[in-house]
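Novice: One-letter residues, chain by chain:
Protein chains: 2
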Amino acid sequence: MEFSELMKKRRSVNFFDPEKPVEQGVLEKIIEEASLTPSGFNLQPWNLLVVRSPEVKKRLRKIAWDQPKIEDAPVVLVLLADKDGWRPEHPVMEKAWQDQIDLGYTKPEMRSWFDGAARQLFDSEKGSLIFAVRNSCFFGMSLMLAVANAGLDSHPISGFDHEALVAELEVPDNFVVPMMLVVGHFDEKQTLGPAKWRKSYDEIVRQEL
Amino acid sequence: MEFSELMKKRRSVNFFDPEKPVEQGVLEKIIEEASLTPSGFNLQPWNLLVVRSPEVKKRLRKIAWDQPKIEDAPVVLVLLADKDGWRPEHPVMEKAWQDQIDLGYTKPEMRSWFDGAARQLFDSEKGSLIFAVRNSCFFGMSLMLAVANAGLDSHPISGFDHEALVAELEVPDNFVVPMMLVVGHFDEKQTLGPAKWRKSYDEIVRQEL
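So the sequences go chain by chain: Y and Z. For the first sequence, position 197 (counting from the first letter as 1) is numbered 188 according to the working numbering, and the numbering increases by one without interruption. For the second sequence, position 138 (counting from the first letter as 1) is numbered 129 according to the working numbering, and the numbering increases by one without interruption.
Bound-form chain Y, shown alone (with noise of 0.2 Å):
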């Protein structure tokens, strides 16, 4: 779909069709196409937890403020911010690097100038947690495109308790947890309600300099 109508036409909705499924080619070909999304670096410091098993989902939806959509929609990505994906040996990292290299991007020598760098900007509590959630929060806006444009529904969610997550799903302290995307259906039964306000250009700018 051409971009400006998917912008208009992507709409975070509350009602999911659990008849109607996500195939998993579907799926993986979103992913793939959200991980044309840019990074510092290029480090990529996302990853993703992929719930499809209703006894997963119910859990989710008890520390997600009750929300039906949760158990309703067949897939639920839980989006993982990587602090520590600026790290020397960080396997992402390592390969991130090495690819510079390759296509005559950087030189072996400038490594130990940009991990300098990278421990200057983000070898800190809110340095890394930074990194982490603006890099991965890209990929997940291209994640909210992809799945609109696969012609699916999703919604995101950042309204449940965080500890109480990342004690359910064990997620490693490295990560942090921006969102969770539920992805499937609208469901035809339901109205779609109006698009709700959006600031201007003069709302949204505060200065020109």
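Fair warning: there could be bad hints in the mix.
The list cannot tell twin chains apart, which means a pair is met if one copy fits it or any two copies do.
Quick list of in silico lysine-lysine cross-link-like pairs, DSBU-like style, CA-CA up to 30 Å [as the list claims (entries may be wrong)]:
(1) Lys20 / Lys180
(2) Lys190 / Lys86
(3) Lys20 / Lys117
(4) Lys117 / Lys187
(5) Lys98 / Lys(-1)
(6) Lys190 / Lys117
Read the hints as simulated data drawn from the structure, not as lab findings.
Chain Z: place on chain Y using the hints.
Specialist: Relative to the frame of chain Y, chain Z by itself:
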């Protein structure tokens, strides 16, 4: 442009043509298109500084590892993520709330529940930071795609001295700056290098549950 093509066409380019301007009308259309981005409770905690001044760009270049593209590109967008965007009496919060009442999505008597839920989720240093960066970076990704869809090029920049930037531009304390986005036209005298490696489905998905 068709979304799947756009995802492939959007590249973070390093060389901008200083002679090719970004028309104000085009920029406004890009920003308004990106404004369709979803956010938790529709709170849209994003603002921008639009920098065109050569003198301000020179100062930004200094605090961002001396990257020439900051001066070469006609526009630098500084993304501000509002950590207070969920607080009662914040004008955007109040407008979003009233809009949801007007559209029938909520009722006035839900307000104290909502304020309590928001406080529980966001009223901490970490909670407000994740809230602000998550939603603003959804918007940031939409911006990058809207820029590409308008036939322009961009480069997201996270390698800068945050403290210095906040001081230089007198950014109020309620904002954190997750990125700058350099916007312009690729310098056709340069050659665009090959696309970098991206993680596959299996590298992104940690677990299927």
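Novice: If a hint holds in the structure, say so; if it does not, say that too.
Specialist: Against the structure, the hints:
no.	hint	verdict
1	Lys20 / Lys180	within (28 Å within a copy, 35 Å between copies)
2	Lys190 / Lys86	between (40 Å within a copy, 10 Å between copies)
3	Lys20 / Lys117	neither (33 Å within a copy, 33 Å between copies)
4	Lys117 / Lys187	between (32 Å within a copy, 28 Å between copies)
5	Lys98 / Lys(-1)	between (43 Å within a copy, 26 Å between copies)
6	Lys190 / Lys117	both (28 Å within a copy, 26 Å between copies)
In this structure, only the earlier hint numbered 3 is contradicted, and the remaining ones agree with it.
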